[in-house]
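Number of protein chains: 2
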Amino acid sequence: MSMLKGMRVVEGSAFVAVPLAGMTLAQMGAEVIRFDRIGGGLDSGRWPLAPSGKSLFWAGMNKGKKSIAVDMKSPEGRELISRIITAPGDDAGLFLTNLRVRGWMDYETLVQDRPDLVMVTLTGDRHGRPQVDYTVNPALGIPDITGPEGHEDPVANALPAWDLIAGNLCVSSLLAAERHRLRHGVGQDVELSLKDVAAATLGHLGMIGDAVVNDAPRQKSGNALYGAYGQDFLCADGQRVMVIGLTDRQWRGLVQATDLQEAVTALEAQTGQSLRDEGVRWQLRHQITSLLEPWFTARHVADFAETFDSAGLTWSVFRTIKEAVAEDPDLSEDNPMFKMLSQPGLGTFPVPGLPTQFSASERALPVRAPILGEHTEEILAEVAGLDGTEIAGLFDLGVVQDPSFANSRSAA
Amino acid sequence: MSMLKGMRVVEGSAFVAVPLAGMTLAQMGAEVIRFDRIGGGLDSGRWPLAPSGKSLFWAGMNKGKKSIAVDMKSPEGRELISRIITAPGDDAGLFLTNLRVRGWMDYETLVQDRPDLVMVTLTGDRHGRPQVDYTVNPALGIPDITGPEGHEDPVANALPAWDLIAGNLCVSSLLAAERHRLRHGVGQDVELSLKDVAAATLGHLGMIGDAVVNDAPRQKSGNALYGAYGQDFLCADGQRVMVIGLTDRQWRGLVQATDLQEAVTALEAQTGQSLRDEGVRWQLRHQITSLLEPWFTARHVADFAETFDSAGLTWSVFRTIKEAVAEDPDLSEDNPMFKMLSQPGLGTFPVPGLPTQFSASERALPVRAPILGEHTEEILAEVAGLDGTEIAGLFDLGVVQDPSFANSRSAA
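Top to bottom, those sequences are chains A and B. Every letter in the first sequence is one number past the one before it in full-length UniProt numbering, and letter 256, counting from 1, is 256. Every letter in the second sequence is one number past the one before it in full-length UniProt numbering, and letter 347, counting from 1, is 347.
Source of the hints: derived by calculation from the structure; they are not laboratory data. Backbone N, C-alpha and C define an ideal beta-carbon position, used for all residues, glycine too. Among the hints, erroneous ones may be present.
For lysine to any residue, the following SDA-like pairs were computed, each having C-alpha atoms within a straight-line distance of at most 25 Å [said to hold, decoys possible]:
#1 A/5 <-> B/90
#2 A/220 <-> B/39
#3 A/54 <-> B/277
#4 B/220 <-> A/317
#5 B/220 <-> A/43
#6 A/220 <-> B/328
#7 B/5 <-> A/186
#8 B/339 <-> B/47
#9 A/220 <-> B/224
#10 A/5 <-> B/91
#11 A/220 <-> B/152
#12 A/5 <-> B/186
#13 B/5 <-> A/247
#14 B/339 <-> A/124
#15 B/322 <-> A/235
#16 B/73 <-> A/311
#17 A/73 <-> B/252
#18 A/54 <-> B/276
#19 A/220 <-> B/277
#20 B/5 <-> A/117
#21 B/220 <-> A/148
#22 A/322 <-> B/226
#23 A/220 <-> A/277
#24 B/73 <-> A/252
#25 B/5 <-> A/277
#26 B/322 <-> A/44
#27 A/322 <-> B/217
#28 A/220 <-> B/148
Over 10 Å on every C-beta distance to chain B, these chain A residues come out as not near it, computed from the model [what the hints assert, rightly or not]:
#29 262
#30 272
#31 289
#32 301
#33 314
#34 315
#35 391
DEER-style ranges, computed between Cβ atoms [stated by the list, open to error]:
#36 A/327 <-> B/150: 21 to 29 Å
#37 A/334 <-> B/311: 50 to 58 Å
#38 A/90 <-> B/297: 53 to 61 Å
#39 A/274 <-> B/150: 55 to 63 Å
#40 A/270 <-> B/312: 23 to 31 Å
Input sequences plus hints: build the corresponding full structure.
Next up, the structure:
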């Protein structure tokens, strides 16, 4: 039995963080209902797209959820959403959102219909101002320390790292609040902001302390591993590899596998410092790299891959995403986390399930994202508790969207 | 009352992901006991360091935990660790680790002492090979799409994003397994790997589908927001800003605030495409940027900051980390998440608590990291259930480390 079986979460969201949170809960076994406006939410066309024009992003972020599309401008639509969010059930009454809707959809209003509601709201910043990953990151200085040494301009993350971290914290915050409700019977309003998640992380990593107590600012250091040794090298076959000497064991293994012992001893004698100290490896990284460079330049990856693996070194090749998908078994069905799925309008490719393997349950296979409005009737009947006549009336009024409309629209 | 009050988690860890997981649980109110070897774990000297040589990183990642240092090479030390991990308590028997120790510290052995143990293990990859953030990232292709357009070399993340995501997933995986135990009385072995977390995330973001179904590979795009419009501009005062036109509302707001309506209409007429379509904004981003550039080049940030804010635009300035810490109230005690703490050997700076605010409890203030071994006696007495004579014996044998030794060492 999957971990969260029986739990029902309602999600009103767009983009990365909160959709990822809902999807993670769905992949842990919860029933997750995502509601959208008629025609789809703000992220319904988010890139990357398939050749059909359908969003690969949306399909990736909403796997295994149930979908209902509702006209939230109408009083009937708003009433319906409130009813779904506050529907009865011991393991229901859990609402995840990053839509800031004051009035009918805020905690104060919804809690009147379900006093033990747990509502988790992710905002841009603590002031309620809009912020996205692409603005939080430069505001806190990460682009300033990203990129090649000496490069003048800031370099942004290609990965929406803060969104991904915040989404995961939404999951654990919801689970913590639900645990509290199980034990004490009380729901609550749970709030966090994307910028606070990033600001806290800077502190956790020691970067705030570093900025305050050290004069020298942290600077760009290219692909070097910060604070110890780790560097990329171009090999004779044109491939690039990353090698790591973070721990003492990794460092000694690297030195041994590249026959560098004598050169290292000479460098230590010359500088009067011990490379067993990770900070010395960091300070002398350019010298170390000069020693290692000829070794890698003279070799193909195939010449040392087996030796490195059997010596337990921590290393990897650099790939493009296309190469990784084509070559790396960890991104294929060889990895039980992945399943080839054929998805309407998207094509067939490996789709990931939950990275976590729980021994008390079978590994759950990934389930494709819904078509917009796909579960409308089911949700209206089973969650909102409406009868057939009421449901037909809502369709007739256009308060909910007929999934065949979504089908025809997305195929257009 | 904080969310996880009464829960006890034992952590055997190093570096980013699992220490972050334990710290997050501690900041949610759990009692988290981190054990280390005598002298400190692999991350005890991780950079950044304070001028004293003490690790700001370690202090950041272990806030609010209890610490015990044990000689794990001795049978007595191993017995002690097992006893702490499997100690009785309804809300105990939760073990988080990224140390792969076969035999005395694996699930199969520990579960014999506590059948309902929940053990969460983070590995490098699913094969059990060592991997770190710095190797997983290039293997999956993110550095290939990071950096300025046209830049040839891969650019690594300065932020250990995968570690941070994996650590958060360790938290929710532990909470999900603990919820399952509360309801069904069974513990379990919970495993995930850093590389699987990264591989799954690539899939969630649509990048795997993109690599399979589209011919054109995703490429570097500098600081542009992928798939819609968002770009950085250098202003007349030398400051750089990021502006976002991801949603239709953001785009229209940006066009209006920069008086760009006529130019946009002309560009649409010239290309025969509508910039209301986010994908068109992405494809025509260079043309849009050319239109916006003179506007920003001619202005100081102070000239438009208030207008942008009152129009609700999504934007920010670029800062260095030092500038952010010095200037941004969100990184100071103005933000209730932060508290100025004076920490021995480190100095005084703002320290973050949990980003999440639970309405059912007061915001918990951050608690500094322990000194290595600081809670040895308390843990031996209250968790391991030893009496004074037994505890004295362990100190005498050197099985546990006297915290005064840690103090004198760290002050050296």
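When the hints from earlier in the document are held up against this structure, which numbers fail?
2, 13, 15, 19, 25, 26, 33, 34, 39, 40
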